[in-house]
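Sequences are here, hints too, so could you generate the full structure?
In order, the protein sequences belong to chains X and Y. For this note's numbering, count along the first sequence from 1 and bump the result up by 1. For this note's numbering, count along the second sequence from 1 and bump the result up by 1.
Hints are computed from structural coordinates only; laboratory data are not their basis. Be careful, since some hints might not be right.
Stated by the list, open to error - Only pairs whose alpha carbons sit at most 27 Å apart, straight line, appear in this in silico DSS-like list of lysine-lysine: (1) X:Lys138 x Y:Lys146; (2) Y:Lys146 x Y:Lys31; (3) Y:Lys31 x X:Lys31; (4) X:Lys146 x Y:Lys31; (5) Y:Lys114 x X:Lys138.
Said to hold, decoys possible - Short, incomplete list of chain X residues facing chain Y, as computed with Cβ under 10 Å: (6) Trp18; (7) Leu21; (8) Ala27; (9) Lys31; (10) Asp47; (11) Phe50; (12) Asn68; (13) Leu127; (14) Lys146; (15) Ser149.
Said to hold, decoys possible - Some chain Y residues near chain X, calculated using beta-carbon distances under 10 Å: (16) Leu32; (17) Ile116; (18) His120; (19) Leu143.
Every residue, glycine too, gets a C-beta built ideally from N, C-alpha and C.
There are 2 protein chains.
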Amino acid sequence: MAGKSTESPVRLAAETWESLFRAQVAVMRKLQSGPAFRKLAVNEYDVLFTLSRCPSGWLRLNELNDNVLLSQSSLSRLVERLEKRGLIARMPAPEDGRGVLLKLTDEGRELQKEIGREHVRDISELMGPALTPAEQKELMRLTTKLRSSLGPRPPRQDPR
Amino acid sequence: MAGKSTESPVRLAAETWESLFRAQVAVMRKLQSGPAFRKLAVNEYDVLFTLSRCPSGWLRLNELNDNVLLSQSSLSRLVERLEKRGLIARMPAPEDGRGVLLKLTDEGRELQKEIGREHVRDISELMGPALTPAEQKELMRLTTKLRSSLGPRPPRQDPR
DNA sequence: CCAATTTAGATGCATTTGCATCTACCGCAA
DNA sequence: TTGCGGTAGATGCAAATGCATCTAAATTGG
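As structure tokens, this is what we get:
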């Protein structure tokens, strides 16, 4: 019985979060320094990626904002940049005069795929040696469960 | 046997990483918007926290940089700000004329503890309802293992 | 229906960040 | 010793970010 036997639930939660956070930092640092993100910052790629997964093709700006760790104003300007680069297109939302809908342009879709291929390869080169497939599945299950419990906005299910 | 049975290892790794990443984003968003971080940004708190865990009390700037998702120059300036606010102190490294050692001031330690208490409470309010203690332990194990496998720099073990 | 409140997104402005570069120092090798 | 590549941090500068605020449109309450 070592020193950790009197671990409180609060402490356990804090250490778990720290471990999750540090792992994310370590992986992200490796990913973003790779050659995949020469043309586009990670946040920018993430927007293209999210749009590419959207079944209708169109996504509201505010929904996008749930996915990304950026303030509303920063996302607004990031999207503005992507539009200027011809990677996404905007359209006023038909049912809500305040809203804006976004979708990938052909060029944006192309770039997303190109970066995505390399990105996925990088990821699997980091995760593969680190965790067995069963462990990866379990990690996915736990993080998905964690995210689901945080609502109120449920992690928008996205039937391919 | 549902449609995912033909999942490739590469795809599994990518989906696992995405799940981990989104969970981190979702939790972090809640944490950083809370009242705990009114006085200090999360990154700044994180530096104080890391210093507070350092057994010797002193830590090299470049070691700190492994922990945080910031470029070297950004961390350099962040530290400069913290020093200006009287929260940390610098000292030239005794054995390496290029290096800088950092430690908390009393005021910095005080503020870290104050924010830390609230922060830990917030974390456990998010994690507690989401995952059982056993699940949290497993999540911690998996993320620790992931991080350990990324080396070369091993996650500096820190015997309290 | 109208006024008041709320929500979506854009924008001014100060702060923070990253890239490139610079300086100083270390370690190594001739 | 001297010179040479490599590492630790600092700094100029442009770009990105966040806060506060603004406008416009939707929603709510009377």
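Hints, verified against the model:
At roughly 14 Å between alpha-carbon atoms, X:Lys138 and Y:Lys146 fall within 27 Å of each other, so this suggested pair holds. Distance check on the hinted pair: Y:Lys146 and Y:Lys31 sit about 26 Å apart at the alpha-carbon level, within 27 Å; holds. A threshold of 27 Å between alpha carbons decides the hint, and for Y:Lys31 with X:Lys31 the separation of about 25 Å falls inside it, so the pair holds. The hinted pair formed by X:Lys146 and Y:Lys31 meets the criterion: a straight-line CA distance of about 16 Å does not exceed 27 Å.
Distance restraint check for Y:Lys114 and X:Lys138: the Cα-Cα separation of roughly 36 Å exceeds the 27 Å cut-off, and the hinted pair is therefore not satisfied. Here the hint on X:Trp18 is kept, as its CB sits about 5 Å from the closest CB of chain Y, short of 10 Å. The criterion of a C-beta within 10 Å of any C-beta in chain Y is met by X:Leu21, whose closest approach is roughly 5 Å, and the hint holds. Nearest Cβ of chain Y to the Cβ of X:Ala27: about 5 Å, under the 10 Å cut. The hint holds.
The criterion of a C-beta within 10 Å of any C-beta in chain Y is met by X:Lys31, whose closest approach is roughly 6 Å, and the hint holds. Taking 10 Å as the C-beta cut-off, the interface hint given for X:Asp47 holds, the closest approach to chain Y being about 9 Å. Taking 10 Å as the C-beta contact cut-off toward chain Y, the hint placing X:Phe50 at the interface holds, the least distance being around 9 Å. The beta carbon of X:Asn68 comes within 7 Å of a beta carbon in chain Y, closer than 10 Å, and the hint placing it at the interface holds.
Contact between X:Leu127 and chain Y, as hinted, is supported at the beta carbon level, the nearest pair being about 7 Å apart and thus within 10 Å. The closest approach between the C-beta of X:Lys146 and any C-beta of chain Y is roughly 6 Å, which is under the 10 Å cut-off, so the hint is satisfied. Below 10 Å, beta-carbon pairs count as interface contacts, and X:Ser149 has one with chain Y at about 8 Å; its hint therefore holds. Because the beta carbon of Y:Leu32 sits about 8 Å from the nearest beta carbon in chain X, less than 10 Å, this interface hint is met.
Restraint check, Y:Ile116 versus chain X: the minimum CB separation of about 13 Å is more than 10 Å; hint violated. Of the supplied interface hints, the one on Y:His120 holds, with its beta-carbon coming within about 8 Å of a beta-carbon of chain X, less than 10 Å. A cut of 10 Å between beta carbons decides the hint on Y:Leu143: the least distance to chain X is about 5 Å, and the hint holds.
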